[in-house]
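**Student:** So the sequence shown is numbered by this note's numbering: it starts at 11 and just counts up by one.
Since the hints were made in silico from the structure, they are not lab data.
Treat the hints with caution; some may be incorrect.
Keeping only pairs whose Cα atoms sit at most 27 Å apart, straight-line, the calculated DSSO-like set for lysine-lysine is [stated by the list, open to error]:
no.	residue 1	residue 2
1	Lys235	Lys254
2	Lys219	Lys235
3	Lys171	Lys219
4	Lys219	Lys164
5	Lys219	Lys197
6	Lys219	Lys158
7	Lys219	Lys184
8	Lys101	Lys158
9	Lys251	Lys140
10	Lys197	Lys109
11	Lys184	Lys197
12	Lys109	Lys235
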Amino acid sequence: MKLLLLIAAVCLCPVLLRAQATDVAPPLPPGPLLAETDFAHWIVTTTPGNNTASGNGAPAPANAPAEPPTIIEITRTGDTLHMVTTDARGKSDRWCVGKIQFIQEPGWDVPIWLDHDNAHGSARYISFGKALFPELSWISASNYTGIKLMGGRKCLVFTGKVMTLPPAGIDQLKQAAVAAGKPFDVKAYEADAVAYIDAETRFPVSYVKPYETSTYQILPAPTAKLTLPDKLQKMNAQINKRQKELQYKPAQA
């Protein structure tokens, strides 16, 4: 009997070793985790998932109507960015020049502007920074899990936890909980996420969360720097002039 067990162990050992080997992720290829370029043009189509109605795990009603996808087209040249968002509300327009953003929402007669230094945590202000894809800032070598095919492309796969609300939203909920004398657990607003990054170009291919899936279409990059529309150029000139006046205003005696 012992001899039979020994023979079985010897025969099974290579099989077990091969099975374990397949569970080991291949080494992370060298290079940046995400594409780094000053000029880029892409479209993100986000389709609501049917697992949850929101990121906090609340179940979606069985008879809830399907939400239309949100389509965001972004063109970026250096510190100038143009974003057009189409969703159930209609079409909105956002121009970013340095730290200043101009936002035109459906139904608004005139755009509003926000400055990074005085946005005061406004949920309307989107902090882009130098990263092309700030929504994927959470990926790192430590949460790389392997290589898979996605959309016909060989992709690097990253898994992790992400917040389901913007920082301003989290702060509001925390303040409300403190005011009501209730505990606040920020982890209740976390969700599992998986990002698929094209192994060759390092542009995103797909970004999956329990409540939505985003797919990326990379378009030819612009060949010339973006310029603001005339109306926004005038607004931007007035804002810069006013900020300089405030900055260099002499102190009163």
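**Student:** Could you check the structure against the hints above and give me the numbers of any it violates, in ascending order?
**Tutor:** Numbers 2, 8 and 10, in rising order.
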